[in-house]
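Given chain A, put chain B in place with the hints provided.
For the protein sequence lines, the chains are A and B, in the order given. Under the UniProt record's numbering, the residue at position 96 of the first sequence is numbered 96, and the numbers go up by one with no gaps. Under the UniProt record's numbering, the residue at position 168 of the second sequence is numbered 168, and the numbers go up by one with no gaps.
A couple of the hints might just be wrong.
[As the list claims (entries may be wrong)] Straight-line distance between alpha carbons at most 20 Å, and here's what the computed EDC-like set of lysine to aspartate or glutamate pairs gives: (1) A:Lys186 <-> A:Glu199; (2) A:Lys194 <-> A:Asp137; (3) B:Lys194 <-> A:Glu649; (4) A:Lys196 <-> A:Asp137; (5) A:Lys196 <-> A:Glu136; (6) B:Lys365 <-> A:Asp274; (7) B:Lys196 <-> A:Glu649; (8) B:Lys528 <-> B:Asp137; (9) B:Lys196 <-> B:Asp137; (10) A:Lys569 <-> A:Asp620; (11) A:Lys194 <-> B:Glu649; (12) B:Lys194 <-> B:Glu649; (13) B:Lys268 <-> A:Asp274; (14) A:Lys365 <-> B:Asp274; (15) A:Lys674 <-> A:Glu649; (16) A:Lys194 <-> B:Glu638; (17) A:Lys196 <-> B:Glu649; (18) A:Lys560 <-> A:Glu606; (19) A:Lys194 <-> A:Glu578; (20) A:Lys675 <-> A:Glu548; (21) B:Lys674 <-> B:Glu638; (22) A:Lys194 <-> A:Glu136; (23) B:Lys194 <-> A:Glu638; (24) A:Lys194 <-> A:Glu629; (25) A:Lys560 <-> A:Glu578; (26) A:Lys194 <-> A:Asp140; (27) B:Lys560 <-> B:Asp620; (28) B:Lys675 <-> B:Glu548; (29) A:Lys527 <-> A:Asp137; (30) A:Lys268 <-> B:Asp274.
Think of the hints as simulated: they come from the structure by calculation, not from any bench.
Number of protein chains: 2
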Amino acid sequence: MEELLGLREGSSGDPVTLQELWGPCPRIRRGIRAGLEWLKQKLFRVGEDWYFLMTLGVLMALISYAMNFAISRVVRAHKWLYREIGDSHLLRYLSWTVYPVALVSFSSGFSQSITPFSGGSGIPELKTILSGVVLEDYLDIKNFGAKVVGLSCTLAAGSTIFLGKVGPFVHLSVMIAAYLGRVRTKTIGEPGNKSKQNEMLVAGAAVGVATVFAAPFSGVLFSIEVMSSHFSVWDYWRGFFAATCGAFTFRLLSVFNSEEETITCLFKTSFPVDIPYDLPEIFFFVALGAICGVLSCAYLFCQRTFLAFVKTNWFFSKLLATSKPLYSALAALVLASITYPPGVGRFIASRLSMGEHLDSLFDNKSWALMTRNSSPPWPREPDPQNLWLEWYQPEFTIFGTLAFFLVMKFWMLILATTIPMPAGYFMPIFILGAAIGRLLGEALSVAFPEGIVAGGVTNRIVPGAYALAGAAAFSGAVTHTISTALLAFELTGQIVHALPVLMAVLAANAIAQSCQPSFYDGTIIVKKLPYLPWIRGRKISSHRVTVEHFMNCAITTLAKDTPLEEVVKVVTSTDVAEYPLVESTESQILVGILRRAQLVQALQAESPSWAPGQPRCLQDVLAGGCPTEPVTLQLSPETSLHQAHHLFELLNLQLLFVTSRGRAVGSVSWAEMKKAISNLTNPPAPK
Amino acid sequence: MEELLGLREGSSGDPVTLQELWGPCPRIRRGIRAGLEWLKQKLFRVGEDWYFLMTLGVLMALISYAMNFAISRVVRAHKWLYREIGDSHLLRYLSWTVYPVALVSFSSGFSQSITPFSGGSGIPELKTILSGVVLEDYLDIKNFGAKVVGLSCTLAAGSTIFLGKVGPFVHLSVMIAAYLGRVRTKTIGEPGNKSKQNEMLVAGAAVGVATVFAAPFSGVLFSIEVMSSHFSVWDYWRGFFAATCGAFTFRLLSVFNSEEETITCLFKTSFPVDIPYDLPEIFFFVALGAICGVLSCAYLFCQRTFLAFVKTNWFFSKLLATSKPLYSALAALVLASITYPPGVGRFIASRLSMGEHLDSLFDNKSWALMTRNSSPPWPREPDPQNLWLEWYQPEFTIFGTLAFFLVMKFWMLILATTIPMPAGYFMPIFILGAAIGRLLGEALSVAFPEGIVAGGVTNRIVPGAYALAGAAAFSGAVTHTISTALLAFELTGQIVHALPVLMAVLAANAIAQSCQPSFYDGTIIVKKLPYLPWIRGRKISSHRVTVEHFMNCAITTLAKDTPLEEVVKVVTSTDVAEYPLVESTESQILVGILRRAQLVQALQAESPSWAPGQPRCLQDVLAGGCPTEPVTLQLSPETSLHQAHHLFELLNLQLLFVTSRGRAVGSVSWAEMKKAISNLTNPPAPK
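Only chain A is shown next, with the shape it has when bound in the complex (with noise of 0.2 Å):
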């Protein structure tokens, strides 16, 4: 009777296959067929896209893993070869420094060869794509194996050259984004979406950070803050999804590999949680804050003179011109040679890897106060349960070397920043920060040994979360962001100094942003990359400026009766990308964009009909199938600059008519808008 109904069923439905008739419960293994293709259906429509956000997150992480693995074998073996060379200086000598410079050598001339936008971080970049500009070719995936290469080289340097990852693996991140972006286009249509493209990137640079750090929140904030201006809570979601993805795969990576026994943060600190810290000790935090501004301020400033001294020096600039490979092998070998262990090297700590720095600076024992009374010697090989040993020599005490180190990996740093190379600069700085911290915490615990006293209870001082707040503030104030503090305690694993880390990068943030552009807009102002300027001066006299105060006026508008010789004359005299396309050259009604290329295009493969004794005119090429543009958007005179400036920021455009009832009378672009805004702070001198 049960195979009977459903045999009525499948006949008046579905046909029904003797195999399906036969089976045991036809009925309930319909339902669950049915139910899986509405679960397809519900997971897999259109538009749906989570399955190209989870492949990118673990794709990226599978990069990071596998790069980080390749690095510590290369970096296992120098560290061999330097102990097992014997006695001999010079050959100890050459054992150090040989392996950095061939490294860094190979991997600038390697990624400079392939293609020129590889050096340096990518971010910069980056944030000017993101903003609506086209750089053509930048985020090819052609140049991805140029990066990685380059990059896996750069790294397993090591210390000596002291650079970190972040930076480009955002761009490679985003080059993977891209090409995604591109399957998907291809895949299950909606072409010419550029946001739905920009959507792709945005997650891409989440979880390049993210899978890094194995910091989901703070990759995605990080990258939102360095990148954007404004962004949508669409694509935080998104950015959230992919990153999660990401750094799950990274830290699952490491447990199947039996590095770790599960998922767990990296840098892991053991911070006491009951009484983190004492009331009183945030008045330090704070002005650790304060020190890291400043010491942000002053390093970007360097930093900022020296690329362009670099540039502009006649030798410098030839060098770097004509034999990249060669500059980057000098610079190696100065910061090689510097960090020689038995030479200088042994006050800076350079035996360490930038992982062990990390480790070593955020533990929570006092170093000063341990070595008051003892003299531990220099061990001959780092030691692992005892990292911190690195950091004292007797004869400079901890204070000496902490201080040290921080005065000469400033200029290293500075000097390494300039190698044409791929590199990241963001963990570095965080090192340097931390090294601030750690300096401060110990004096403190030196100066009250016994802790704060406040309300009878006595607590002392961790040094460790110095070394935390130090390394959130300053790489805050570099990147002239807050979400470094969220990194930190990614990071770390505890969050218990939540609010005086806060404060620290609040303070940080607040001496740097009002001094010196972030490091990311310091690069793309030296570079030379378009940017749009922020409206700094907020006086109540730049709401009062408008459009028609700054805008181009000189715009050359093509008319649907223009002969064709004059729009020929006029796409030949001017480069604009855009023309506007206007009714008739008396009423100048704005009705349309004409694309230079496309315009060209048509013009050419009109030009052999042209009978020359017929008068013609652009209407006709219109009519002949060159494509217009349709207006949607444009600007009025009256539009205030502010407003014109958040259109700008928001809708990522770079150009926008302005029309004054309905006739085109003039064109913003960045160039008028940055102008115009350098008026507010410096107005122009009365003729």
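Frame of chain A, contents of chain B only:
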């Protein structure tokens, strides 16, 4: 000599007073004074308003702390009364129920009598305001008192009524922010700058959340996610500053009041740090997220349905219309009777306050394992050291109590949300989620009493971690936010479960967002507040819909040559807020916007001077001083729906005129957008 030099310098520059001249070190003092002057200029320059933000944070922290303090006294008095009243069941029952009934009916009556806006959480209305709608008087400081008193009474009713503080606190904070914004406009200037005022409101929302939970990070992010669809990094930084000031002051007060020894988090947990969870547990965390997602859909559906039922049912609607306090008292009586501890209340841990609920649910010991062999009796009074005993009844076991708690609180919370008084709904939802997670965690700890064996190492399962994940996932799903995960970490001071909790929240959000509108959006729909829906159906065809397909073509334009009689007719027969002003009736070229209110005023001023025989037109009124507003932004018929939606959302617009070749051809407002968006998913039947 030194003094002489000082004199000479003084005489050439500023005049020097005698006192200055004869005091010690005149130069240094002058230097210090100049430095202070410079600092003052730097800190208090026009346009800076950090001190308003700081004031906002500190004020809200003071209010929050004072409110908590007062409430704790009232609650303590209630507890004392209940304890001391003797063993008569009737007296005890009365003392248990009369208190909340009186408080709730007073709260409802008092706040509703002062202002009808004070009911509910306020977040839906704020969301509407921040999207650009003007809700008259909603942010007026006059309502402040009503909301504060009402909220205090609601909270003093304690866990009987089971309502929270977040929503109304956000509303209070935004009220103060709006007030401070008006003060700033008066003292500094910059009138009419709407975006500046919005900036202040956004910061206010962040402060509201941060001062309730002492959680600056999640305060900022939660308020952003709940309030807006887009936000600027600039607002985010300001939010951080204000929220940090608020959270710091809030915690500082409890240190000053000797409740805490130093600044720590609110619900400290002690999860194991080294191996917080085993890798396979990730599955259970994600499954928990999915369960929370499904339950949140059920909750949202029931809540919305019941709210609509109460509004439409003749009995309830009549009761609510005529006698709100009576309805509130009845509902409170039902809730209080059920929670009477010797009755049903003992099975739903009703003697615990809401904070104790959370504290006990985040406990890292497994209750099920502890009660497997022993059966501790129900204590006479809740034991602060063993709060979890409240969750255990020998005849019910832990699982029975937790499940019963969930089932009862589910409908009790829905009932409580219908009471018209100031109350927040986030905290109860957070606790419900914690209970869901705890139930799963306890079940797992029984199923795997030795922990899950992975790689030869065994670790006990921590049910508290599941409670944490459940709380974050359920509250995240109900409010459609992800930052609840961060809130869970900030509340507990531990971030070791970052990845599993985040994955649970993402899973819960994926389910909830695809099935139900969020709690706040649902309330907006039920309360019929204006809102702009998302474009959900991301179909390819949706990109082909342009403004001309859905714009309102039936607009009434006023031409400069329209006779005044006709203008009057138009003004009296229509009730739009703005009229497009066109050049002439014939050309219809858009030249400006006329506000109805101003036009009416100008017409009234004009009317006495009308001479009947003299034909006058609109031009004369305009020349007479009626102000016109410039058209700063206009759409074209070719603008796509997506672009227009983007513009409306980004710029908080409500109406834009559409021009084609300069001629005003239509208008687009939220009504048209909504219709167009609903047509995307349900295409209209072809005619």
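Evaluated hints:
no., hint, result
1, A:Lys186 <-> A:Glu199, "holds, 17 Å"
2, A:Lys194 <-> A:Asp137, "holds, 16 Å"
3, B:Lys194 <-> A:Glu649, "holds, 18 Å"
4, A:Lys196 <-> A:Asp137, "holds, 19 Å"
5, A:Lys196 <-> A:Glu136, "holds, 19 Å"
6, B:Lys365 <-> A:Asp274, "holds, 18 Å"
7, B:Lys196 <-> A:Glu649, "holds, 17 Å"
8, B:Lys528 <-> B:Asp137, "holds, 18 Å"
9, B:Lys196 <-> B:Asp137, "holds, 19 Å"
10, A:Lys569 <-> A:Asp620, "holds, 17 Å"
11, A:Lys194 <-> B:Glu649, "holds, 18 Å"
12, B:Lys194 <-> B:Glu649, "holds, 15 Å"
13, B:Lys268 <-> A:Asp274, "holds, 9 Å"
14, A:Lys365 <-> B:Asp274, "holds, 18 Å"
15, A:Lys674 <-> A:Glu649, "holds, 13 Å"
16, A:Lys194 <-> B:Glu638, "holds, 17 Å"
17, A:Lys196 <-> B:Glu649, "holds, 17 Å"
18, A:Lys560 <-> A:Glu606, "holds, 16 Å"
19, A:Lys194 <-> A:Glu578, "holds, 18 Å"
20, A:Lys675 <-> A:Glu548, "holds, 13 Å"
21, B:Lys674 <-> B:Glu638, "holds, 18 Å"
22, A:Lys194 <-> A:Glu136, "holds, 15 Å"
23, B:Lys194 <-> A:Glu638, "holds, 17 Å"
24, A:Lys194 <-> A:Glu629, "holds, 15 Å"
25, A:Lys560 <-> A:Glu578, "holds, 15 Å"
26, A:Lys194 <-> A:Asp140, "holds, 16 Å"
27, B:Lys560 <-> B:Asp620, "holds, 9 Å"
28, B:Lys675 <-> B:Glu548, "holds, 13 Å"
29, A:Lys527 <-> A:Asp137, "holds, 17 Å"
30, A:Lys268 <-> B:Asp274, "holds, 9 Å"
No hint from the list above goes unmet by this structure.
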